[in-house]
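**Q** Here are the chains, one letter per residue:
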Amino acid sequence: AQSVTQLDSHVSVSEGTPVLLRCNYSSSYSPSLFWYVQHPNKGLQLLLKYTSAATLVKGINGFEAEFKKSETSFHLTKPSAHMSDAAEYFCVVRRGGNKLVFGAGTILRVKS
Amino acid sequence: EPEVTQTPSHQVTQMGQEVILRCVPISNHLYFYWYRQILGQKVEFLVSFYNNEISEKSEIFDDQFSVERPDGSNFTLKIRSTKLEDSAMYFCASEDRSSGNTIYFGEGSWLTVV
Chain A
1 AQSVTQLDSH VSVSEGTPVL LRCNYSSSYS PSLFWYVQHP NKGLQLLLKY TSAATLVKGI
61 NGFEAEFKKS ETSFHLTKPS AHMSDAAEYF CVVRRGGNKL VFGAGTILRV KS
Chain B
1 EPEVTQTPSH QVTQMGQEVI LRCVPISNHL YFYWYRQILG QKVEFLVSFY NNEISEKSEI
61 FDDQFSVERP DGSNFTLKIR STKLEDSAMY FCASEDRSSG NTIYFGEGSW LTVV
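Chain order of the listed sequences is A and B. Take the first sequence: its letter number 40 is residue 40 in our numbering, and every next letter is one higher. Take the second sequence: its letter number 112 is residue 112 in our numbering, and every next letter is one higher.
If we strip away everything but chain A, and leave its shape as in the complex, we get (with noise of 0.2 Å):
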């Protein structure tokens, strides 16, 4: 059965530095997977989505992905933190054609 694990529940950076939030999946197969955002009293937002064609992901918001199949990650990166990116990261695998296993989150804390 298709599952993300996210690595981490927490992560804490400072504004101007990378961000790097890990997720691991199990798949029997080629899987799609997604990140999503949520930011405080809001909906679930598509940063992006890999479905099998180029490996690095880009995303809006200047995040991207790398799905490494050897690795079965799909890690979610950024460059440079900004403030408005404090919110909680889920990564998620599409099993079969309909339903999405999220992973259990990772909320995102930007310092000045």
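Certain hints may be false.
Just the calculated beta-carbon pair ranges, DEER-fashion [said to hold, decoys possible]:
1. Asn41(A) with Ser58(B): 21 to 29 Å
2. Pro2(B) with His39(A): 14 to 22 Å
3. Ile38(B) with Leu7(A): 18 to 26 Å
Simulated from the structure, these hints should not be mistaken for laboratory data. We treat Cβ as the ideally placed atom computed from N, Cα and C, and that holds for glycine.
Since chain A is already given, all that's left is putting chain B on it; use the hints.
**A** Then chain B, alone, in the frame of chain A:
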């Protein structure tokens, strides 16, 4: 940018009462979903809906739950007799599979059962 809209944003209801959560999916989308997130827990799949019928449901989605698309625009989730453990954020989502593998979520309806 088109978006999924949900009402109400917050609802408090007494245990045993019926609740209807409403969603307006993106207009050209054909696939609809409900997910929920209990406080402190993962976002969980409840049900998917296509062509006026349920295409998949989770074990959470028991007989107390139902979904309906009563007209061309709304997609509703009904909980027949609410329990304390139904307290959660409920997210509606929609998808247009002809233009990519992307599910768009609404801002959620926060349900508190007392």
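**Q** Decide, hint by hint, whether the structure agrees.
**A** Now the hints, each set against the structure:
no.	hint	verdict
1	Asn41(A) with Ser58(B): 21 to 29 Å	26 Å, holds
2	Pro2(B) with His39(A): 14 to 22 Å	19 Å, holds
3	Ile38(B) with Leu7(A): 18 to 26 Å	22 Å, holds
Against the hints set out earlier in the document, no violation occurs for any number.
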